Every structure is written in C-alpha cells, then in structure tokens.
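The chain contents come next:
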Amino acid sequence: MFNKSWYKFLAWSVASLYFLIMAGTIAGLFGQGPGEAKSMLWMQGMMQAMQVSIMGWAMESHETLNQVFVKTGMLVFPAIFAGGLLGLVIRLRRSKQHEG
Amino acid sequence: MKGIKIDFILHWLWAVVFGLLLISGMALMGAKYGWLMNYQLPLADYLHRTLAAALVILTLISIGVEAGRLSKKTPKVMPWLVINKSLLGIFNLAATLLFVLSGIFLWICIEFSHSTIAFAYVIHDLVTFISMPVVIWHIYDKAYALPRE
Chain G
63 MFNKSWYKFL AWSVASLYFL IMAGTIAGLF GQGPGEAKSM LWMQGMMQAM
113 QVSIMGWAME SHETLNQVFV KTGMLVFPAI FAGGLLGLVI RLRRSKQHEG
Chain R
1132 MKGIKIDFIL HWLWAVVFGL LLISGMALMG AKYGWLMNYQ LPLADYLHRT
1182 LAAALVILTL ISIGVEAGRL SKKTPKVMPW LVINKSLLGI FNLAATLLFV
1232 LSGIFLWICI EFSHSTIAFA YVIHDLVTFI SMPVVIWHIY DKAYALPRE
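One line per chain: the protein sequences are G and R, in this order. By our numbering, the letter at position 13 of the first sequence is numbered 75, and the numbering carries on one by one without gaps. By our numbering, the letter at position 5 of the second sequence is numbered 1136, and the numbering carries on one by one without gaps.
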C-alpha cells in the first residue's frame, strides 16, 4: 500500500501541512511582530467572523442550548473519573486472575 | 483500496482534521499567525468549530474501537489506531480531552466568568504548542511510511 500513488499523495500532503504549521509557528514566535497594518487586518477579520461566522452566533445567549453544554460539561468530569476507576478495577481483577 | 482497515481510515482522517484544526486555530490565535490563512478569519472560525465537532466524533469512534479491541481475548493488531496503549496513544487521548473540555468553555464563554475563560485559553493554547512538536516527532519516527520514490 505504501507504494500506491493515492497513499503517497495523502501522506506527503498531510506531512507537508504539519511542517507548514510548525514553520509558521516558529516564524510567528521568533520573527518580528505583525505591525499595525497586519494587526488591523486581523482585527477586521475577527469583526467579520463575529458578524458572519459561528463566533457571533455563539456569543449570543442561547439559554437552553448553553445549559445543555454546561450540564454535559459537569457530567464529563465524574464520567472520566468513573471510567478511569473502572479501568483500574478491571485491570487489577485481570492481574489477580492471571496470578491465580 | 482493497483491504483498508478502520484504524487506517481513522488515523488519516484524524491527521487531516487535526492539521486543519491547528492551522485554523493558529490563525485565530493572534495577528502574528493570521497570515497562515491569509487573515480569512470567518473561514478559519467556521472551519475550526465544525472540524472540532468532527474531531470529537472521530475520538469517540477511536475510543470505541480500542475498547472493543481490548475487550477481546486475543486482541486484533491495529497499528494505525490513534488512541491506544502506547505513549503517543495516551498523549492523544489526554490532549484531545483537554482540547475538548477547554474548547467547550471557550465556545459557550457567555456562561462563564472571565477568569475561567482565560484559564481555558491558556490550556487550549498550551496543548496546541505541546502537540505540534509531538506530531512532527511522530512524522520523523514513522518516516518509513512516507514513500520517497
């Protein structure tokens, strides 16, 4: 499969994407600051995103939907803890079975 | 395309989605990185939020596949699986959980205090900066899967 042309295209495209992101991040971190024009361009982009994209919609109050998210979020932490505990119990039981 | 397994599909879907999430997220992070998407922030925002939902679904499927695999007496070998018992697999699980939880706080920020949002931002950004070199290291580590001819 490694020699198939579609696989080569996929693997190299994805690898290149990650190298581009890493290079961009290094350039951003250690390069010169963006300057006034670039900062304004970015601010304008953010304003546009608030007007036309999901960002603006998310900042409005959606009482019921937000409450669903909040409640779900509060359930996630105990669920993760319970899942971890259950995994530990299963692992310990299996190791005891192996010893026996 | 014959004989392609679920772990292979999940791995590459994950890689594409995570890469696009990184590039759109970096563009949204600040003016320093906006050029990565040519300052098209509405597109970056739309991409970031929709792909975040896709990543959650991919994570749930991957966890399900791994749990199903481990529950069998003789587990199948799935070398491409993103979440598994290896160090990288555990890192992926932990990083995704942190991304998702902090992302939820950021998405519905109107419901939370400013300090909670600031903390969620720090976590989201910190995991981004940690996960990037990890992915690059993973590409080098598995370089034999990148055909050169």
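Quick caveat, the hints were computed from the structure, so don't treat them as lab data. Among these hints, one or two may not hold up.
To be verified - Here are the computed lysine to aspartate or glutamate pairs in the DMTMM-like style, where the Cα-Cα straight-line distance is at most 20 Å:
{"#": "1", "chain 1": "G", "residue 1": "Lys66", "chain 2": "R", "residue 2": "Asp1256"}
{"#": "2", "chain 1": "G", "residue 1": "Lys66", "chain 2": "R", "residue 2": "Asp1138"}
{"#": "3", "chain 1": "R", "residue 1": "Lys1204", "chain 2": "G", "residue 2": "Glu98"}
{"#": "4", "chain 1": "G", "residue 1": "Lys70", "chain 2": "R", "residue 2": "Asp1256"}
{"#": "5", "chain 1": "R", "residue 1": "Lys1203", "chain 2": "R", "residue 2": "Asp1272"}
{"#": "6", "chain 1": "R", "residue 1": "Lys1163", "chain 2": "G", "residue 2": "Glu161"}
To be verified - Pair ranges (Cβ atoms, derived):
{"#": "7", "chain 1": "G", "residue 1": "Ala89", "chain 2": "R", "residue 2": "Ala1198", "range": "17 to 27 Å"}
{"#": "8", "chain 1": "R", "residue 1": "Ala1225", "chain 2": "G", "residue 2": "Leu127", "range": "34 to 44 Å"}
{"#": "9", "chain 1": "G", "residue 1": "Val130", "chain 2": "R", "residue 2": "Asp1256", "range": "22 to 32 Å"}
{"#": "10", "chain 1": "G", "residue 1": "Arg153", "chain 2": "R", "residue 2": "Ile1137", "range": "44 to 54 Å"}
{"#": "11", "chain 1": "R", "residue 1": "Ser1246", "chain 2": "G", "residue 2": "Gly118", "range": "18 to 28 Å"}
Fair warning: this is a prediction, and the values are worked out from it, not measured in the lab. Glycine included, C-beta positions come from ideal geometry on N, C-alpha and C.
Would you pick out the hints that fail for this structure and give their numbers low to high? Violated: hints 1, 3, 4, 5, 6, 7, 8 and 10.
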